[in-house]
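Enquirer: These protein sequence lines map, in sequence, to chains G and X.
Heads up, the first sequence is in this note's numbering, so the first residue is 1 and it goes up one at a time.
Heads up, the second sequence is in this note's numbering, so the first residue is 1001 and it goes up one at a time.
Please note that the accuracy of each hint is not assured.
Stated by the list, open to error - In silico contact screen, one side only, chain G against chain X (beta carbon under 7 Å); selected entries:
| id | residue |
| --- | --- |
| 1 | Leu8 |
| 2 | Trp17 |
| 3 | Pro24 |
| 4 | Glu44 |
| 5 | Leu47 |
| 6 | Cys49 |
| 7 | Arg52 |
| 8 | Ala72 |
| 9 | Leu84 |
Just so you know, these hints were derived from the structure itself, not from any lab.
Given the structure is predicted, the values throughout are model-derived calculations rather than measurements.
We put the beta carbon where it would ideally sit given N, CA and C, even for glycine.
2 protein chains.
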Amino acid sequence: MDSETKRLVRGFHDWQWDGVTVHPYKEEGAAPFRAITRQTLFTEPELGCELRYFEMAAGGHSSLERHEHMHAVLILRGEGHCLLGNTVRALKQNDLVTILPWLWHQFRATAGAPMGFLCMVNQTRDKPQLPTDAEIAEMRRHTTVSAFLDGAPP
Amino acid sequence: MDSETKRLVRGFHDWQWDGVTVHPYKEEGAAPFRAITRQTLFTEPELGCELRYFEMAAGGHSSLERHEHMHAVLILRGEGHCLLGNTVRALKQNDLVTILPWLWHQFRATAGAPMGFLCMVNQTRDKPQLPTDAEIAEMRRHTTVSAFLDGAPP
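Let the hints inform the model, and build the full structure from the sequences given.
Expert: Here is the structure:
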């Protein structure tokens, strides 16, 4: 087997893939997040999109953010919850989540175990916006959202 | 919960998803294939790419084809084999496969059980080419390829 053919099939072992680097989720301090890593599975320029795998340890979460670009998400491992606007939704393995433009969103591994998801996204995309204190206060008027942000979803 | 938020999370149940239609793989007679279905999970125009789920029953296979566009594949269910050019590779759950432009390729559920995979692809793409009899004869000069095409990979 030649080296190119080897590169074309990348094996999976314990939530890592051959030749794929496990990165911290974002630059530390750039946004509030916890216990989450990122692996970019496909980023070939010909595709225009990327496929990334994000994994949160138990209790971990992504940053609460919004942006113009869309996310197409499939839960690959475990279960948890996500915030979509003012709504909190339970998620289980293989569920699909569509993150529409400018919708506030956050993922949380709420089940006492890791949760991992695939995310398909455009290679060219805008930078996420973080909520202001006033925007967070507005979100917290919804009881379920407030509980979610405190790590205790319904 | 409003209907839009419901649409944004689509539940998974026994290898089907809420609101996603299970299609035959291709138009019957258009290419040689067997016991395979297609579900399009994401196809929003803003993304430029699609994410599809293909599932073969035990012994099923995709068509043997090549094209200019790339495929980015993740095995979501089961195990099996794929042909990449003149090489046959074993695949297990969550393995990644990159289908480069113009590489002959085929997937087969060789493990006596279904195999399903996610495939990320450009929404705008060229039509697959099927091999001529001469091209198949050339491929069959490789013993492992010939066994694969007969449904008996190494």
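Enquirer: May I ask you to test the interface hint for Arg52(G) with respect to chain X, counting a Cβ-Cβ separation under 7 Å as satisfied?
Expert: Nearest chain X Cβ about 11 Å off; hint violated.
Enquirer: Pro24(G) was flagged as interface toward chain X. Is the shortest Cβ-Cβ separation under 7 Å?
Expert: 21 Å, violated
Enquirer: Regarding the hint that Trp17(G) lies at the interface with chain X, is the smallest CB-CB distance below 7 Å?
Expert: Holds - the Cβ of Trp17(G) comes within 7 Å of chain X, reaching about 6 Å at its closest.
Enquirer: Given Leu47(G) as an interface hint, is its Cβ closer than 7 Å to any Cβ of chain X?
Expert: OK, holds: Leu47(G) within 7 Å of chain X, min 6 Å.
Enquirer: Close enough to count: is the Cβ of Glu44(G) nearer than 7 Å to one in chain X?
Expert: With Cβ-Cβ at 6 Å, under 7 Å, it holds.
Enquirer: Please check whether Ala72(G) passes as an interface residue: C-beta within 7 Å of a C-beta belonging to chain X.
Expert: 4 Å, holds
Enquirer: Can you verify the interface hint for Leu8(G): is its Cβ closer than 7 Å to any Cβ in chain X?
Expert: 5 Å, holds
Enquirer: Return the status of the interface hint for Cys49(G): holds when the least beta-carbon distance to chain X is below 7 Å, violated otherwise.
Expert: 4 Å, holds
Enquirer: Can we keep the Leu84(G) interface hint, with Cβ of chain X closer than 7 Å?
Expert: This hint holds: Leu84(G) lies near chain X, its Cβ roughly 6 Å from the closest one there, short of 7 Å.
When each numbered hint is compared with the structure, violations occur for hints 3 and 7.
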